[in-house]
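Colleague: Generate coordinates for the entire structure from the input sequences, incorporating the hints supplied.
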Amino acid sequence: MFNTVFWIIAIWFVINVIWMWFRLDDQKLQKTFAWINVCAIIIGFCVYYMAGPVGSGIDGWFTAMNWINILVAILQFYYGYRSHSAGNVHHAGSH
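Heads up, the sequence shown is in our numbering, so the first residue is 2 and it goes up one at a time.
These are calculated hints, taken from the structure and not from any lab test. Heads up, some of the hints might be wrong.
[Said to hold, decoys possible] In the SDA-like style, the derived pairs of lysine to any residue whose C-alpha atoms are separated by at most 20 Å in a straight line are:
#1 Lys32 with Val18
#2 Lys29 with Cys47
#3 Lys29 with Val18
#4 Lys29 with Met51
[What the hints assert, rightly or not] What follows is a set of in silico ranges between Cβ atoms, one per label pair, in the way DEER data are often shown:
#5 Asn4 with Arg83: 35 to 41 Å
#6 Leu30 with Trp68: 19 to 25 Å
#7 Tyr50 with Ile16: 22 to 28 Å
#8 Ser57 with Asp26: 37 to 43 Å
#9 Asn4 with Lys29: 31 to 37 Å
#10 Tyr82 with Ala52: 31 to 37 Å
#11 Ser84 with Gly61: 22 to 28 Å
#12 Ile59 with Arg83: 30 to 36 Å
#13 Met2 with Trp68: 17 to 23 Å
Backbone N, C-alpha and C define an ideal beta-carbon position, used for all residues, glycine too.
Modeller: Listed below in structure tokens is the structure:
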């Protein structure tokens with residue numbers, strides 16, 4: 002199960018990062034992916050710590066991917082929930 006979950010999360014991670022990068026302005030997609038990432042992170046850490054040492058050689062990669070996925074989720078939350086109105090500020094006296 003450890004290896005299966007690792008590969009599912011790894012494939013999701015690659016698809017997620019590529020799609021996220023090319024669709025940075027799609028806030029709905031960023032929000033959706035961010036929340037899916039939260040689920041993937043929880044599942045990833047649960048499987049990792051519940052499985053105990055498996056000696057499969059991917060233990061370190063699994064941990065690294067989980068932590069990198071946290072950073073990706075933070076970026077996705079930022080891009081998903083940021084306000085676009087900051088660039089449209091109307092200054093007094095300018096027309």
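Colleague: The structure should be examined with respect to each hint, and the outcome stated for every one.
Modeller: To see whether the hints hold, each was checked on the structure:
1. With a C-alpha separation of about 13 Å, the suggested pairing of Lys32 with Val18 holds against the 20 Å cut-off.
2. Proximity of Lys29 to Cys47 is assessed by CA-CA distance (about 27 Å); at most 20 Å being required, the pair is judged violated.
3. With a CA separation close to 15 Å, the supplied pair Lys29 and Val18 stays within the 20 Å bound.
4. Straight-line distance between C-alpha atoms of Lys29 and Met51 comes to about 33 Å, which puts the hinted pair past the 20 Å bound.
5. Between Asn4 and Arg83 the Cβ separation comes to about 37 Å, which falls inside the hinted range of 35 to 41 Å.
6. At roughly 23 Å, the beta-carbon separation of Leu30 and Trp68 lies within the given 19 to 25 Å, and the hint holds.
7. Between Tyr50 and Ile16 the beta carbons are some 25 Å apart, a value that agrees with the proposed interval 22 to 28 Å.
8. Between Ser57 and Asp26 the beta carbons are some 39 Å apart, a value that agrees with the proposed interval 37 to 43 Å.
9. Look at Asn4 against Lys29: about 33 Å separates their beta carbons, and that is inside 31 to 37 Å.
10. Checked against the hint of 31 to 37 Å, the C-beta distance between Tyr82 and Ala52 comes to roughly 33 Å, which is consistent with it.
11. Roughly 39 Å separates the CB atoms of Ser84 and Gly61, a value that falls outside the hinted 22 to 28 Å.
12. The hint said 30 to 36 Å for the Cβ distance between Ile59 and Arg83, and at roughly 35 Å that hint holds.
13. The beta-carbon spacing between Met2 and Trp68, approximately 21 Å, falls within the hinted interval of 17 to 23 Å.
The structure fails to meet hints 2, 4 and 11 from the earlier list, while all remaining hints are met.
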